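Residue numbers (the numbering used here), protein chains in the order written: chain B, 1 to 511; chain H, 1001 to 1182; chain D, 2001 to 2498.
Any given hint could be a false lead.
Claimed, not checked - Derived CB-CB ranges, DEER-like: (1) D/I2479 - B/E366: 49 to 57 Å; (2) D/P2175 - H/V1156: 38 to 46 Å; (3) B/E8 - D/N2488: 50 to 58 Å.
Stated by the list, open to error - Below, simulated DSSO-like cross-link-like pairs (lysine-lysine); rule was C-alpha separation at most 27 Å, straight line: (4) H/K1023 - H/K1034; (5) B/K299 - H/K1170; (6) B/K324 - B/K299; (7) H/K1119 - D/K2058; (8) B/K281 - H/K1159; (9) B/K447 - D/K2058; (10) H/K1034 - H/K1061; (11) B/K409 - D/K2494.
As the list claims (entries may be wrong) - Going by beta-carbon spacing under 8 Å, a handful of chain D positions derived as facing chain B: (12) P2430; (13) V2489; (14) V2491; (15) R2495; (16) L2496.
These are calculated hints, taken from the structure and not from any lab test. Quick caveat, the model's predicted, so the values are computed rather than measured. Backbone N, C-alpha and C fix where the C-beta goes; we use that ideal spot for every residue, glycine too.
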Amino acid sequence: MNKNKVFEQRLKALQEMEYNAAHKQHLKGKLTARERLNILFDEGTFFELDSFVAPSQNPISSRQTNFGDGVVVGRGLVQGRSVFAYAQDFTVLGGSLGYAHGMKIAKVQEMALKLGAPIVGLMDSGGARIQEGVKSLSAYATIFKNNVQSSGIIPQISAILGPAAGGAVYSPALTDFVFMANQTSYMFVTGPDVVREVLNEEIDMEGLGGGNVHAQKSGVAQFVSDDEEHTILLIRKLLSYIPSNNYDTLPVSNIVNVYNTRQEYLNKIIPDDPNRPYDMKEVINILVDKDSFFEVHEKYAQNILVGFARLNGKTIGIVANQPKVMAGTLDINASVKGARFVRFCDAFNIPLLILEDVPGFLPGIEQEHNGIIRNGAKLLYAFCEATVPKITIITRKAYGGAYIVMSSKNTGGDFNFAWPTAEIAVMGPAGAIKIVNKHDLAKAENKAEMEKILTEKYKEEVANPYKAEELGLIDEVIMPSKTREILITAFDILSNKQYQKPARKHGSIPL
Amino acid sequence: MGTSYIYNRDASRLFIAVRENGKRYKLFIPKESKPAINGAEMDIDFVEQGDFDYTFEWKGKKFHCELVSRDQNKAIVKVNGVEYKYSIESIFSYIRRGMINSDANKIDDNNIAAPMPGKIVDIFLSEGDLVNAGDPILTLEAMKMQNEISANCNGVIRKIKVQPGQSVMKDELLVEIQSIEV
Amino acid sequence: MKKRLLIANRSEIAIRIIRAAHKLGMVAVVFQSDREPEALYLSYADEVIPARDAHNDKAIFLDAERIVQLALENNIDLIHPGYGFLSENPDFAQLCTDKGLNFIGPSAQLIRDMGLKTVAKSMAIEAGLPLVPGSDGPVRDAQVAKEFADRIGYPVILKASAGGGGRGMRIVEKPETIERNFKSASDEALAAFGNGDMFIEKYLQNPKHLEFQIMGDKHGNVVHLGERECSLQRKHQKIVEEAPSASVNPQKRAEMGEMAVRFAKAIGYYSAGTIEFIMDEDGSYYFMEMNTRIQVEHPVTEQVTGVDLVDWQIRVALGEHLTLKQEDIKITGWAMEIRVNTEDPQNRFSPQTGLIDQISFPSGDNIRIETGVQSGAVVTPYFDSMVAKIIVTGTDRADCIANTLDALNNFVLNGLKTTVPFCRVVLQHPAFVDATYTTRWVDQVFTPDMLENEDDEMIGALAATIMYAQEYLQLSSDIPWYKSDRLNVWVLNKRLNY
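This is chain B alone, in the form it adopts within the complex (with noise of 0.2 Å):
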């Protein structure tokens, strides 16, 4: 046996597997798995391992065809920075998960937390490989097991390229983001058909679990895009803004631009009437350096805003409500929205930056009986929990246990500050005034002209932020258009912040 020979051949065989996966591939509108690893990497930068691992089961018939398991492997740089990453064949074996394959992705999962770097996986895959029967079970078993190790460590992403069903979805689940490309990918438990057998709906694989349904009713999915090429570019843009592990550094850009004429706008945004709404996202844009602002989780939730930006090159982590949205209030999904990104930040050492506009938690039978209490009480928890540096500053409304949830001073709140337009108060004027001045309002001859009086009395006595200055609740009230550079000066005097929590196994979160 010429051992050269062989050593070529099975390389052309590998190309040849490569040049047919693109032909089917691309007649789909889909790209193949090598392809979407060049888009994420940096050109030429990307180093294969374990391309010729054979599928665990009938290795002989298969080898000149299914080289790699249906999972292509390996580690490049991202902008300079080394990433691993793994994207599953669909063309090979459906992509299904045997268990060559699966110890394939464990193996960089665990080379990934042995050198601190980022993992990114790249989903297309039609599930476990029902021939090899509990094998690819346990195979599945391991990177749930390694996900969870690296939690926390190392950033994750997932990338749903194509269908993900089954036990295959939880491994993204347990990832720190899933990204989604509209009417390719699907995400569910269990499909369509068997949803339809055992329980007689009626629903299409896109409705059941497409992209536009779990960026927007579950939650799932952070991200949303059109297309392929574009949802691998976002997360280049992701990591743009994150840490490679949880030791290391931030990453500072360099390009800084601002919008220096925006900023006297900043007091004029907020309008007079209190129940008027304004864009909150505005409010973000003008303060952060220019186009910094990257939503996470756009589409769910649009009552509170979280995201990464820059300011003055430094990335922050945003949690905001957005007042144009269900008044602002906080309800089950955007308190756990909130909590979910906060402890992402508070892991991988992101300063936060709050931005509060909230008149309340929202009422209703609905929100009480699916647990608004324990629901809310996870952002509580995750704001308490974090020690990464937290700056809030009360723009408008902050009314009650709403006001105390979002970092307020002695939840551990770094710098509060309020602009004058504040409110601050157990509860708002209108609720406030019918109890405490419920004698006064009963003897009024006029009431309409004795409640605006009151509300004008108690909005000048009590729901003022110069109250809660007074008491050191807030740091200070300043002036919206002074609020960049007062909070460029804030992060860097607490950039140092290191904090040491008593030692436990873990907390325990309301869950």
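Based on the hints, put chains H and D in the right spot on chain B.
Same frame as chain B, but now just chains H and D:
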């Protein structure tokens, strides 16, 4: 056609801009020389660039362009005061979308339900009106805040099921839109 | 002692009046409304009175008692109400006069009379002005209506005498349908207003809106300063105005002008005023109403006659004699005014509010700008959407149109949409160029896709692509635009020994 391309990053200075009315422009934006539109090189001069706008000079006229909003690859640009909506693709994503959408033109219903209980204050449009995703259709007053309910897709308003002054429950059906995939 | 003039108005007209006040050596005083604390006009005034109207239902400009009270507290001599707001409110004029303040405008009685259409029309008849043919009193019978309509000629419009708003209103084109329409209109009016009485008027299908500017003093002298054509309207709001009108030849001008002066003298009018006529397709014209204030579009008259109207308003109020003689007033050249409204012509002209990032106006010898905003100003929903006026002159109408188009091409407003692109379309439309446009043009002819053109569309695609490409190429480029932050040893130590 789709089978003969291999993903190549360097070719990505070539883009296709598609307008909401279907009109396509093939644009090539090289680093050094003038841009080429639909194959022909254009003598367009970049006059100035402000914070959120560009001014071009072409055929002796000035064109003032302001970016109104951008969501990933969808942009709204205001040219000389008039807004145009574009969707921008790279050559490959354009071809891919063609493949995926070959069984396209799904016409399905998009219903808008009340996100919370409240009262209908204002209704801006009527049955039969054309809407773009994001256009406001009615105002729902809840928790003393005015909430704008907007269209969730491009389409035609089939039915408006409520009237001004009417109180609605959460998830109550407000508007039926027949979506038209562009 | 300098005279103190208070302007009970805002935005560009306030600045205009301040200019006139300064020309006469007066102290210009204005109000600062809490709804607009940083408005441009405040910086032009000599003194600013804070109105503290944040918690009131209406802004200071509508609060007659408060205006008068603050005026007295601040030793004001004259009050100019501008246009809109309380400028045609007879009670406000009366209150000013009662309290000894010199109200710049006609007397309260004149304002009251001209404010009631029925009174104005009956006075017009007395002065011999032609009115739109119509019933003298209410009509209650379909048969009477038919006879009437047959007499004055179709089409006719039936209007409810007890109310408006389109209810009880029918346009009848053919004699066969008048009785049926009369009955349904009358029934509707009865249901809506409790009164089924109807008026009948001749309906002008495509009317032109012409108005004559007059100026009178308190000593009985009145002159007219020519006409303005304001037929470019949308929902009864004017957008483009011009002086003179291409539909009025010198003979007609003399005829209508003489009528306007005759009417003003008959009612004893003084100060600035405008007599509105409506002109049918055959050139016949009818009196509509009189406006007893300075109007938004007064600059076009000023440009073609060289007369400073606001200056004369103030002089007349001080009792001066009019030195203008009718034979000396000449119309030279042509002028057009474009109103810059922050409304979206692509979307049913819905009003836009928000920040004006940047605004830059055209400049030149034949361009006059009256603006109420500058870059960084915020347009609020509390006030009118008109932020500026661009007035352009030319040697004749065609020259004026060309100059105006040039001026509009050099106008830039970033941040909000305006009606300027719409005006560009209007100025190039054949109906405008031929001066055949009427008040129905916008409803009948204009569609939003007239605003688009291929060149703009292509450049827009280029701009959008460049902006997208920048991010796309940055993301797909291998060159990192960031570096890792400095490693702080203290921090690392704490992290390692967590």
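Violated hints - listed by number, lowest first: Of the numbered hints given earlier, those the structure breaks are 8, 12 and 13, listed in rising order.
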